[in-house]
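A.B. asks: Going line by line, the protein sequences match chains A, B, C and D. For the first sequence, the residue numbers in our numbering are 1 to 94. For the second sequence, the residue numbers in our numbering are 1 to 188. For the third sequence, the residue numbers in our numbering are 1 to 416. For the fourth sequence, the residue numbers in our numbering are 1 to 981.
A few of these clues could be false.
[Stated by the list, open to error] In silico contact screen, one side only, chain B against chain D (beta carbon under 7 Å); selected entries: (1) T26; (2) R41; (3) G102; (4) S106; (5) D135; (6) S186.
FYI, nobody ran anything at the bench for these hints, they're computed from the structure. Since the model is a prediction, treat every value here as computed from it, not as a measurement. Glycine included, C-beta positions come from ideal geometry on N, C-alpha and C.
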Amino acid sequence: MIIHHPILGPRDAQEFVYLGDASLIGRPDGLTASIEDFHNYTYLRDNPAGAHRELWYHEQGDRSWLVVTRNTLTHEILQVELARDVARAEGRSK
Amino acid sequence: MPDFILTPITALGHATPEVDIIGPWTITERADVALASLAVRRGRLGDLQAAAAGAGVPLPAAGAAAQGMPYSSFWMTPEMWMVEAPFASHEDIRAHLLPAFGDAASITEQTDAWVRFDLAGADLPRLFERLCNFDLAKAPAGAATRTVMEHLGCYLIKRTDSLVTVYGPRSSAQSLHHALVVAAQSVL
Amino acid sequence: MRYSGFRILKEALTGHKGWGHAWRDPEPQASYDYIIIGGGGHGLATAYYLAKEFKQARIAVLEKGYLGGGNVGRNTTIIRSNYLLDGNEPFYEFSLKLWEGLEQDFNYNAMVSQRGIINLIHTDAARDAATRRGNAMILNGADAELLNRDQVRAMYPFLNFDNARFPIKGALMQRRGGTVRHDAVAWGYARGADGLGVDLIQNCEVTGMRIENGKILGVETSRGFIGAKKVGVAVAGSSSKVMAHAGMRLPMESHVLQAFVSEGLKPLIDGVMTFGAGHFYVSQSDKGGLVFGGDIDGYNSYAQRGNLPVVEDVIEGGMALMPMIGRARLLRTWGGIMDMSMDGSPIIDKTHIDGLYFNGGWCYGGFKATPASGWCFAHLLAKDEPHVTAKAYRFDRFLKGLMIDEKGQGAQPNLH
Amino acid sequence: MSQSNRISGGLIDRSRTLRFHFDGLPYLGHPGDTLASALLANGVRLMGRSFKYHRPRGPISAGSEEPNALVELRSGARQEPNTRATVAELFDGLTAQSQTRWPSLKFDALAINDRFNSFLTAGFYYKTFMWPASFWEKVYEPIIRRAAGLGSLTKLEDPDSYDKGFLHCDILIIGAGPAGLSAALTAGRSGARVILADEDFRMGGRLNAETFELGDQAGFVWADAAVAELSSLPNVRLMTRTTVVGAFDHGIYGAVERVSDHLIEPAPGKPRQTFWRIYSQRAILTGGATERPIAFENNDRPGIMLAGSLRAYANRWGVAVGERTAIFTNNDDGLRTARDLQAKGVDVVAVIDSRDGGELLPGIRHLRGAEVIDSAGRLGLSSITVRHANGKTEVIKATALGVSGGWNPNVNITSHHRSRPIWRDDIAAFVPGSGEIANLSVAGAAAGTLSTHGALVTGDEVARTALASLGLTATAANLPKAEDAPVRITPMWYVKGSNRAWIDPQNDVTVKDIKLAHQENFTSVEHLKRYTTLGMATDQGKTSNVLGLAVMAGLTGKSIPDTGTTVYRPPYTPVALGALGGRGRGQEFKPFRLTPSHKWAQEQGAVFVEVGYWLRTQWLPKAGETTWRQSVDREVLATRKSVGICDVTTLGKIDIQGTDAGAFLDKVYANTFSTLAVGKCRYGLMLREDGMVFDDGTTARMGQNEYVTTTTTANAVTVFRHLEFCRQVLWPDMDVQLISTTEAWAQFSVAGPNARKLLQKVVDQDISDAAFPYMGAGNITVGGLRARLFRISFSGELAYEIAVPTRYGDAMIRKLMEAGAEFDAVVYGTEALGVMRIEKGHVAGNELNGTSTALNMGLGKMVSRKKDSIGMVLSQREGMTRDDGLRLVGVKPVNPAAELKAGSHFLKTGVAAKAENDDGWLTSLVYSPHLGHYIALGYLKDGSNRIGEKMRAVNLLAGTDTEIEIVSPHFIDPEGERLRA
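Using the sequences plus the hints, can you model the full thing?
C.D. replies: This is the structure:
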C-alpha cells in the first residue's frame, strides 16, 4: 500500500507501524474516568467494513503519527492527516 | 587529573575509515562529521529561526538537506533537523550550538549514533534500486529522506547526481556496509 | 448413505450411479428452534453437535455464500493443543481429542493426520518459556516433549543448523499435533448435520436481527425473515458486521491473514514446524505442496487478500530456516479474514440479548478449534451454560481484567 | 541425434548448436529454442506423466500455461523441480530429468493407477481409508504421500543468490505483444517513464509465432523494430525474462526477473533472479490470451496439443511436432493453424471442424460438422477416431493433433483484487471485470480484442488515456496495417462419450469427475474446484478452468457466468521462493548490532549471544575454564569481591527535553519524575494502558528541562514509538522533544566494592560518596573527554554506569581493564549479569512477560493514584488486584545440591500434577556461586503470604519433581547497604 504522507507525499506503507482505530486518540482522563470508560476506550472497536479512521506511525520515516482514512474492503485510502492536528482538533492539549 | 586520552575507532572498527571501489562506484566511510539533532521548543520556531540564521545553521524544508560551512543540515521530522559540522572543529557540537539557541531548542549530540557512507559515481540510481524504495532518479539534488536498507532505518541524502550520503545506525555499520558492497557487485 | 471402501468398490463396478447428494439444498422454513448464522467450520460443527450430541431439532444453518467458504476453506490446516494458559489449553486439548475420533464419528475421511508439530527454540529465554508451556500442556492432559538441538537435527537435517543468524537450540514438540484436510472438515460436518435433519441454507445472507424487549425473534435475510427461538452467530471474520445488527461493539478487529502453497513436491517435511526467530510455519500436504504462513498483514481488512511485505517477510523466514526450498516455487497465495480479539483468545458466550449467542474472536486458532468450538457452542445454546472447557471465553473478561493473553501483547489485536 | 522434426524457418540461430541432455540422452538444439521446442525438434513428444493416473504426457502448449511438460531442470543443489519445458530457455550443457515416474518415463510402475481409474474418482479418498483409525498415519497416508508430489528438491541449500529491488515508473506495461509494444511506443514517445515487462526472452508475443504481416513486414520484424526504438529511449526500461506476478494495492506490482536462468550458472556475484517491487502511477495489462482445448476421450496423449502452439512450434521454432498432423477446431483460428502448417510443408491430414458452415479450406481435407471422438497411441499419438457429420466414424493416422476450443483472455492479474471477470458470448470467453484495480487498464487480446489490428489500436488508445490522466500528451501513432480477422467460434466444450475426457491433464480431472461432483451436489464452482482439484495444478487452471465451468454449466442447465467464474490469485506464474526471500538468508537474515566493546571482546575470545539483533558478550572464558559455569561463576564472584565491568550499551536511551518533560514522564510512568532533583536518577515503571507492566528502567534528570530515560534492550524501539504516540497524539501541546541516543553513547557498568576506586582512576572529577551519592547522575569527563556517569546498580553492588561517545568505547573498555588490573577487574557477560540481578531480586525479560502487573512483581506501591498515568486505571480491575493473585517470589531448593529448571510449575506437596493444582511457575533460574546453590524467581499464587512454605517445582517434561522453599526474592543484601557504600 501507499500512504500519501501530508508532509512527505507517497510512502510505502511498509515504512509505517499500524496501531489501530483512531478512536484511541480519545483517551479518557484517568483521574475522572471509570474503569468501564477505559474498558470501552481500550477494548471495544467499531471494526467497520468500509471507511476506517486508523493510526499509523511513520517509524522508518519522519516519526509522524498519522490518521489514515482507509476503506477496509478495498484498501483505498481516502484521507491522510497528521494525528497531532486531529488530536488538537478533538480538543486534546496537555 | 588522569593524563591519558582515549583513541577513537571508526564505526567499521578501524583506526581510519574504509574506502571501497567497486566498478564505477566509490563507497567511503566518513568519520569526520559531528552531528546533533536540533528540535524546536514548543512555540519557539521564530526564535529558533533567528538563532539559526545568526549561527549559520540552515533549516531546510521537509525532505531536504542544505549545505553550509561550518554547518549543514537535513530535515528529520516536523520541527527537528540534524545538524552536520566538521568533526575536527566541532567534535562537541552541542557545546557549539547551545549558546546560539539557548532555550529555544532542544539539542542532542548524535555524532556517534550513526555511521556515514558516501557513495560516489555515475548512475547511482541503478545501485540504489537494489537497496531501497526511494526514487533516487526522480529526486532533486538536495533531497533528504529516511528509508530502509537491509532492514535498517537510514537517512539518504542526494548531494548531487553522483554523490549520495547514507547515514545508518552505527551499531549495524558492518551489516549496512556489507549490503552496499554486495549490491554494488551484483549490479556492476 | 454410509461411505466405506466396500461402497466405493460397489459403485466403481456399477458406474458410480449410486452416489447421492452430499447434502440437500432445502428452502428455508418460516421458523426454527435454532438458527446458526455462518456455514463455515464452526457453524456446521455447532449444528452437527446440537443435533447429534444434544439431541436438538428444527435447526438451520444460514450461509451467505457456499458451505465452508470462510476460513475453514482458507487456512493452513494445522491442528494442535500446545497452548500455555489455563483459559485456553483445556479447550484446545478437548478439540484435539475430538479431532482424533472425528472421521469415524461423522463418516468422512478428513485426513486427520497426527504427524507432530514442533516449535523451534532459538534462545535460552525461549526454552524457559517452552518449558513452562510444555508443563502447562501436560498438566492439562496434553502431550508435550522438549527436544534438544540434536533431536531436531535428526528429525529435519536440512534446517539451517550451521549458518543461522539465530541458531536452533531445540524445540517444543507435540506429537499429537498435525494437519487435517480443511475442506473435508466442512463437508463432513455439513453432510453429517444434513443427515441429522439440519437445514443447510446457502446463499442466504443475514441482513438484520429482529429484537424486541431485549429478546431475539429471528433474523432478516436475503431470502426473507426467518424466525428462531435461539440464534447463534459463528461468522469469524465478519463478527463485528453481524453483531452490529444487534447494536453490539466487539473487542476485536478484522485482519487479513495470508497463506501460501508451493508447487507439488516429493515428500520433504513430514510434520508441522514453526520458526521461532521469524514469522514462518510450514507443513507439507499429502498432495505434496508446502503449505505455509506467517503473520497477519497487520491492518484492519475485509479484503481477503494481502500485500507484498508480508509475502516477502514470510518467505524470507522460510529461506532462513531451510535454504533448500529456494528452488521450489510459490504457486498460490490467498487471504482469510481473522477476528483478531483484544487478547488473542476467542469468545463463546451469551449476549445481553435474550436468545442471542456469540462465537468468534478466533484469531489464528479457528481451524484447530473447530470441533470443540462447535461442541461448546452447541452446549451453550442447548443448556444455556458454558461447557467446562470454554468457561473463560466470556465477553466480560476484559472489564474484569481476566484476559487470556498467550503472547502478552495486551489490547493490540494485530500483535496476537 | 538428429533433429528429425526440425523444419525450415523460425527465430532460432542455426549457426550455433547447443548440446543438452534429457533423461540422460544427448540431444542438439539451437539458441532461441526452449527445452520443449528442442525436444520436439528431436522427435521427443513424451516429457512427463500425469499426477494421479501417471498417464504419458507431452506438452500441450508453447508457454507458461503448460500443465504437462514439467521437468527437473539442472542437477545437484541447483535441481529445479516442475520446470515448464515450454519456457525453459535452452543453453549449452542443459540437463533435465523427467519426474512423477518410476523407474522410467517410458515404463512407469504407477501407471497401474490408470487401470484402477474407476475406483480413483474425484474425492474417493474422502469416503474411505477410515478404518481402523490408526491406519491413516501408519499405512494409508505414507503410501499416498510417497506416490504424490511432482518433482523433487535435493534438500541441499540453494547455492544461488537472489536480489530484490524497487522500480518506479509512470506506466507499467505488462506483456510485450502487439498491444504492449503499441502501448509502449505511444507512452515512450511521450516522454513518460515506462517499464515494459515480458515473461518471454524475446519480445513480440504472438508476433513471433505468426506469419501474417504488419504493414509490409513480417510481424516479428515489426516487433524487433519497435523494441529497437524503445531501447533507444532513455525513459523506457525494457525487461525481458520478467514476469509480473501480482497486482497489489495502490499501483504496486511484483515482478520476477530471471537474470541467469538461461545460463548454466549465474556469473560470480550475480543473482539467479531478482524480485522487483514496481511502483507505478498507471499500469496497462497486455498479457494476451491463452488457447483452450476441447475435451474428448483420451485427449491427453503426447502429440495432442493446442493448435496455436502447434503453429508456434512451426513458425517460431521451425519444428513440426508430427509428420502427419490433424486439427480439431470449433473456430477460425484452428483453420489458421492448418494453413500455416501446410505452408510450412507439414502434412496436414485433416481438419476436423465441429462447425457446419464457414469458410472451406482449399487443398486440405476439411471435415465440417465432425468431431474427434477418441485417440490411440500408448506413449504418443498414433491415430485419432473421427465421427463425421453423417455419423460414420473413421480412424485417421496422425502423430500430432492441434486442438482449438477458442481463446481465453489472460484476465488473471485483473482479478488479483478479487474482481470477477465478465462473460462475452461473441468470443465465448471471460474478459476482465470492470476495473477494481485502480489505475490498471487492459488492452489487446487480454481485453478480448483478439485481432492484431485490434491489439495495436487498443494498446495505443489505452496508453493515450493513461498519459492524459497523468497530464502527458501523446504524439500521433503510426500504426501499421494488420490482420483484423473477426472471431468466428461456435462454442463446443467436450465431445460426449462414456470414457474419460481430460479437462485438467496434470491433476487428471476428467468430464466424468465433474459429472460426479454435480451428482453429489458439489455444484458451486468453489466446491467443484476443491472437490475435484480442477484448476489446482501448477498452471492454476489456465487451460482448464473455463472448460470445467462450461461442463458444469451444461450439467446444471445454467449459463456459464451463472455457474460461476474463477478468481485467480497471485502469482500469475509460480515464483521461486529464493527470489521472494532475497538476500535475507543465513547470517544475512537480519542485520547485526555490535556493541562498542565487541572488537575487544572478540580479541579476548568472548562467547556472544543474540539479544534481538545485538550480539552481546555472554561470558568471557579464561584459560583453563572448560565449562561455561566456571566462567560465569568466576565473573560473578570477582565482581562481588572486587569489581566487574559489563557493556550495557544495548539498553535503550531516550533523550527527553522540553519545559514539560517532567510532566510528560509523570504521564507515561506509573511513578513520579517531575519531582526528581537535577543530578539524580530514579527507577521507573512504565505500564501499558491495560495496566500490565510494559517496561522498566532508570531515568536521570540531567537538567531542569532535560532527562535521559533508559529502556530495556528488548523494548527500546516500542517504548520510543509509544512515547511519540503520547507526545503527538495524547498530549499534543506538551513541550517535549524526543530523540534516541542508544547508539551515541558507549555505556559500561562498573560494579563491585572497588568500582569507585577503579573509576576514580579514569574520571577527572571527585566521585566520592559525598560528591557523587547513590542514584546520582551527571556530566563528567574522562581524560578530558565528555562523558556521563550514573550511580545505579542492577547487581546490588556499589555500581556506576559510565558513558562515553561510542567511537571511544573501544578505548574505554581497554582503559577500564588497564585501570582495573590492580583490582583483578573482570568483564562479565549477560549470564553473570543475570545471576547477579536474580541474586538481587530484580525483574527482567522472563518476568516482564506482558501479562504481569506491578502488583504481581511486588511493585504495586509504585503505581501512583495521585496523578493520571497510562495504565493506572485499568490496573485496578478486580481480576488484577486479587489478594491471592500471582506474586514474585524467590525460590531455593530444600536440598542445596538439587537442580531446578526454569519453566517448572509450582505444586503443593502431595497433590496430583493437574492443572487445578497449578500454583504458578518458575520464571528465572541461576546457580548462585555466592550462595552455593540454585536460586530462582517465580510467580506464585498468593506468593507474598507463602514465604517459608515448602512445596515442589515440577518439570514434567524432564520428569523431575524437586522440593523447594519459597523465600524473599532478595537473596543478597536486602537492605541495600552495598550499593549505598
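A.B. asks: Minimum Cβ distance from S186 (chain B) to chain D below 7 Å?
C.D. replies: S186 (chain B) check passes; min Cβ-Cβ to chain D is 6 Å, inside 7 Å.
A.B. asks: Tell me if T26 (chain B) is really an interface residue toward chain D, meaning its C-beta lies closer than 7 Å to one of theirs.
C.D. replies: violated (18 Å)
A.B. asks: For the hint on D135 (chain B), does the least C-beta distance to chain D fall short of 7 Å?
C.D. replies: Where the cut-off is 7 Å and the nearest Cβ of chain D is about 4 Å from D135 (chain B), the hint holds.
A.B. asks: Hint G102 (chain B) vs chain D: min CB-CB distance below 7 Å?
C.D. replies: At 12 Å from the nearest chain D Cβ, G102 (chain B) fails the 7 Å test, so the hint is violated.
A.B. asks: Restraint: S106 (chain B) near chain D, CB-CB cut 7 Å. Satisfied or not?
C.D. replies: Status holds, d = 4 Å.
A.B. asks: Mind checking the CB of R41 (chain B) against every CB in chain D and telling me if the closest is under 7 Å?
C.D. replies: For R41 (chain B), the interface hint holds, since the closest Cβ of chain D sits about 6 Å away, which is under 7 Å.
Hints 1 and 3 from the list above are not met by this structure, while the remaining hints are.
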